[in-house]
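Asker: Chain residues, written in single-letter form:
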Amino acid sequence: MWCVSNPAQSRYRVRMLVAAVLCILFAALAAAAFNVWHLTGAVAWVVAVVSALPIVGALVGTGAYLNEEKDEFQRNLYIQAILGGIAGTLAATTIWGYLEDFARAPHMRLIWVCPMFWIFVVVVFPVIRLRYR
Amino acid sequence: MKNRLRVLRAEREWSQADLAKQLEVSRQSVNAIETGKFDPSLPLAFKLARLFGMRIEEIFSDES
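Chains D and Z supply the protein sequences, listed in that same order. Residues in the first sequence are numbered consecutively from 1, following my numbering. Residues in the second sequence are numbered consecutively from 1001, following my numbering.
In case anyone wonders, no lab produced these hints; they're calculated from the structure. Incorrect hints may have been included.
Mimicking SDA-like on lysine to any residue, the simulated pairs with C-alpha atoms at most 20 Å apart in a straight line are [to be verified]:
{"#": "1", "chain 1": "Z", "residue 1": "K1037", "chain 2": "D", "residue 2": "I128"}
{"#": "2", "chain 1": "Z", "residue 1": "K1002", "chain 2": "D", "residue 2": "R133"}
{"#": "3", "chain 1": "Z", "residue 1": "K1021", "chain 2": "D", "residue 2": "I119"}
{"#": "4", "chain 1": "Z", "residue 1": "K1037", "chain 2": "D", "residue 2": "R75"}
{"#": "5", "chain 1": "Z", "residue 1": "K1037", "chain 2": "D", "residue 2": "Q80"}
Use the sequences and the hints to build the structure in full.
Answerer: Set out below in structure tokens:
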């Protein structure tokens, strides 16, 4: 993904960059809106959901990449990385959930689940690539 | 799955990049197939066979 580049991968990078910028922008705007106007009720729900949309967009962009990628080997690598990301996230959040329940570990906010998933994907991807050297 | 891709490519004096370009895949894909670490799909196997003017079973064999 980060070493070779084809049109699908280039589009994917642009989408992810846009999603990342929007994610930071929306989160900052939402935080400011809640601080200034102390939003409640339906408006608070709408603003909260809208703030999360760039993250959803990143996931949709990933699906679009998998759909557009014509190189089946590259697609296979990325699917493996995504599976690794899902497995890592599920394992980490489950372990942390038990720690919260039984060992009084501090509460982990759910907004960190998606970033955690991407971190796992980024870490797992080069490891998977090494297997095919 | 075993294959004769490296030999067939060498006979034609093609680099992995040359073959990858003709198959419209990455060089890494060709390398993974050649080394037997990745088995191509049927459409890609047919594409390879057409490119070399051979049948699929003349390129790939299911011997371990």
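Asker: For every hint, state whether the structure bears it out.
Answerer: Tested hints:
1. Of the supplied pair hints, the one linking K1037(Z) and I128(D) holds, its CA atoms being roughly 12 Å apart against a limit of 20 Å.
2. Restraint check: the Cα-Cα separation between K1002(Z) and R133(D) comes to about 17 Å, which is no more than 20 Å; the hinted pair holds.
3. Between K1021(Z) and I119(D) the alpha-carbon distance is near 32 Å, which puts this suggested pair outside the 20 Å criterion.
4. Only pairs whose Cα atoms come within 20 Å are accepted, and K1037(Z) paired with R75(D) is accepted, the gap being roughly 15 Å.
5. Taken as a hint, the K1037(Z) and Q80(D) pair is honoured in the structure, with Cα atoms around 14 Å apart against an allowance of 20 Å.
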